[in-house]
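Listed here are the chains, written in short residue letters.
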Amino acid sequence: MPLKTFIEAIRDGLREEMTRDENVIILGEDVGKKGGVFLATDGLWADFGDDRVIDTPLTESQIIGTSIGAAIGGLRPIAEIQFADFIHPAFNQLVSEAARLRYRSNNGYSAPMVVRAPYGGGVHGALYHSQSVEAFYTHVPGLKVVIPSTPHDAKGLLRSSIRDDDPVLFFEHKKMYRSVRGDVPDGEYSVPLGKAQITHPGSQVTVIAYGLMAHYALEAADRVADDGISVEVVDLRTLRPLDKETVLDSVRKTGKCLVVYEDNRFGGYGAEVAAMVGEEAFDYLDGPVTRIAGPDVPGVPYNHVLEDWFMVNPEKIANAIRKLAAY
Amino acid sequence: MAVSERSAAGKKSPLGSELGLSSDDLLEMYRLVALARAVDERMWILNRAGRIPFVISGQGHEGAQVGITWALEKGKDWIAPFYRSIATCLTFGMSPRDIMTAQYATASDPSSGGRQMPGHYGSHEHNLVSVSSPVATQLLHAVGLALAAKIRKTGQVAMTIMGEGSSNQGDVHEGLNFAAIHKLPFIFIVENNGYAISVPLARQVAGSSVARRAAGYGIPGVTVDGADVLACYAAARTAVERARAGDGPSLIEAKVTRLTGHSSDDQQTKYRSEEELAADRSLDPVPKFRAQLVEAGILTPDAETRIDAEIKAAVHDATEYAEAQPDPSPSTAMKWVYAEDWPSETPPPWGLGEHAEAATDAAELPPEIAD
Chain Y
1 MPLKTFIEAI RDGLREEMTR DENVIILGED VGKKGGVFLA TDGLWADFGD
51 DRVIDTPLTE SQIIGTSIGA AIGGLRPIAE IQFADFIHPA FNQLVSEAAR
101 LRYRSNNGYS APMVVRAPYG GGVHGALYHS QSVEAFYTHV PGLKVVIPST
151 PHDAKGLLRS SIRDDDPVLF FEHKKMYRSV RGDVPDGEYS VPLGKAQITH
201 PGSQVTVIAY GLMAHYALEA ADRVADDGIS VEVVDLRTLR PLDKETVLDS
251 VRKTGKCLVV YEDNRFGGYG AEVAAMVGEE AFDYLDGPVT RIAGPDVPGV
301 PYNHVLEDWF MVNPEKIANA IRKLAAY
Chain C
1001 MAVSERSAAG KKSPLGSELG LSSDDLLEMY RLVALARAVD ERMWILNRAG
1051 RIPFVISGQG HEGAQVGITW ALEKGKDWIA PFYRSIATCL TFGMSPRDIM
1101 TAQYATASDP SSGGRQMPGH YGSHEHNLVS VSSPVATQLL HAVGLALAAK
1151 IRKTGQVAMT IMGEGSSNQG DVHEGLNFAA IHKLPFIFIV ENNGYAISVP
1201 LARQVAGSSV ARRAAGYGIP GVTVDGADVL ACYAAARTAV ERARAGDGPS
1251 LIEAKVTRLT GHSSDDQQTK YRSEEELAAD RSLDPVPKFR AQLVEAGILT
1301 PDAETRIDAE IKAAVHDATE YAEAQPDPSP STAMKWVYAE DWPSETPPPW
1351 GLGEHAEAAT DAAELPPEIA D
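Just so you know, the protein sequences line up as chains Y and C, in that order.
So for the first sequence, our numbering puts the first residue at 1; every next one is plus one.
So for the second sequence, our numbering puts the first residue at 1001; every next one is plus one.
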């Protein structure tokens, strides 16, 4: 199987879906000739032309709102928001419009579209190039939220997202674009939305993570294995809809649950996972449902010492696992 | 307007003929204007009688709505309307029953199945995009529809409509800029009734003209008398021709009057004088269009009797129909969050999951133990 970087898998997925379906278009800032600031769409403008790879003005609300209209008109838009930090001007279009269109029209209308956005810290991006924004959108029924962690899943989930009949927010951790490589099969395959994956089987502590944190959780699991702690890592892959069964099955087996997320701790996505586990696996728990997450400051600071302080890392996760295992 | 000019033969041309409108067209346009008014008036009566909780009205806007919508091709072009678009929706194919079931929020309401407030019309069958409550968001949807029409080469035109207050939103700038850059087949209609709820034009629109803003995007922007149905039609026809020819978007600002409060929850005498309201009634498009057609000999007494009877029957039928329609069932309320159901997210019974069983068991314990 060919080895690909995370961003190569995404680019391949985009190209293959655009080749398969002429209604798939890309629109966003610098996605054309430049191929996007991270080069996710590199080469696609040359292959598919002005009509299908559209450089937009710096207008995030327009990117999303126009995508909604284009989806109603029969296209399958893939909107790129250059950084997840800049998605906020489009919040109204995503939450009031894309998410509610099917429900409010009693299935008369829908907005099948994908919104891709790089998110996450650890790349010296400071407050406005490091944010994790998933919690804003996982809160909203009508949206689906996907965060892949491997090249294989990125391509397979992107394919499922483009073919899905509802709006999907597809967040890509930018630190993984070139640092993560993995096997990506040739030919057509897809990874279904709404299915988590156990990436490291174990018996004593369940660690639930996604995105970059899914990698850090695996590293932490290796570190604590030396201490004789057996960790099961669940990579959620899709945040909404949440694959409750895979999470609950694992916690019922291990009796201990640590939820890891990079975003601010308070009200973050992992809080919902923790609440669900506490509510629905109470009888099986042998310790508190715990969380490791970013500190509650308004953004990731720039200075490298401060950024390291902010970021969840394998050692912080390993320490939390050790404490929970000893409970 | 050219409609009253004399032809080269020195004989007065029939009304509307320069615009390609037949007498039958004009009678049908009049029927739609008068029907929209009659449906709207019935809505207020039902509200005051306690039958429906909320009304948001299009009274005063009907002439502009019918004239402009008449220029589009029904069943082909797209409209993203707003909450005053009753006459627009009727002209584009929705029925009085469709409008009235929305007031009653019945299960059969085609706009939303009773999920949205009245006034949030929409019909995929008639290419009318579902209305939401945040204002001006729909402009971008119409721009997206125009983009799809251009890319897919369908020949369709997409139009959106809103008030002058809404036209100040950032989405309007973002959408007009994008539509103009790409010369999209898009038409922006502003129904300027002079008030954004209570705030007058002078406090809403710098320079007092929305149409003049078009110049900044390099597109035509015209102002028309919204009580002049044929002038509205003429302006929209020009915009449609321009859009279909691939020459890009247009902006039309129709000066209309708001004959009612903002909604049934608003008392406009608090911020508008009696003199102003009386003066505004003279700008009512319904009597104006009627007088125009009577004078032209098109709306004959027989025709008017027939149309009046039709409208009366249609309003009566729509009211009776909507009154009798069932409410939506809560058992359907989880449907259409997504295209498919998501059993994985079904909440546990009583929020207790597996403990529901234990809780039930506890409830059945003898009192001395349960205590």
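Just so you know, the hints here were simulated from the structure itself, not pulled from any lab data.
There could be a bad hint or two in this list.
Dumping the calculated SDA-like pairs for lysine to any residue here, alpha-carbon to alpha-carbon at most 20 Å [as the list claims (entries may be wrong)]: (1) C:K1076 x Y:K195; (2) C:K1076 x Y:E29; (3) C:K1335 x Y:P241; (4) C:K1183 x Y:K34; (5) Y:K34 x Y:G49; (6) C:K1183 x Y:E29; (7) C:K1183 x Y:D55; (8) Y:K195 x C:V1337; (9) C:K1074 x Y:D283; (10) C:K1183 x C:E1125; (11) C:K1074 x Y:G74; (12) C:K1335 x Y:S96; (13) C:K1153 x Y:D51; (14) Y:K195 x C:D1341; (15) C:K1335 x Y:D164; (16) C:K1183 x C:A1211.
Hint-by-hint comparison with the structure:
1. C:K1076 x Y:K195: Given pair K1076 of chain C, K195 of chain Y is violated - Cα atoms ~40 Å apart, limit 20 Å.
2. C:K1076 x Y:E29: violated (31 Å)
3. C:K1335 x Y:P241: It holds: about 15 Å lies between the C-alpha atoms, which stays within 20 Å.
4. C:K1183 x Y:K34: violated (23 Å)
5. Y:K34 x Y:G49: holds (13 Å)
6. C:K1183 x Y:E29: holds (19 Å)
7. C:K1183 x Y:D55: holds (15 Å)
8. Y:K195 x C:V1337: holds (19 Å)
9. C:K1074 x Y:D283: violated (61 Å)
10. C:K1183 x C:E1125: Measuring from Cα to Cα gives roughly 27 Å; hence the hint is violated.
11. C:K1074 x Y:G74: holds (18 Å)
12. C:K1335 x Y:S96: Distance of about 18 Å is within 20 Å: holds.
13. C:K1153 x Y:D51: holds (11 Å)
14. Y:K195 x C:D1341: holds (15 Å)
15. C:K1335 x Y:D164: At roughly 17 Å apart (the allowed maximum being 20 Å), D164 of chain Y and K1335 of chain C satisfy the hint.
16. C:K1183 x C:A1211: Holds, at about 18 Å.
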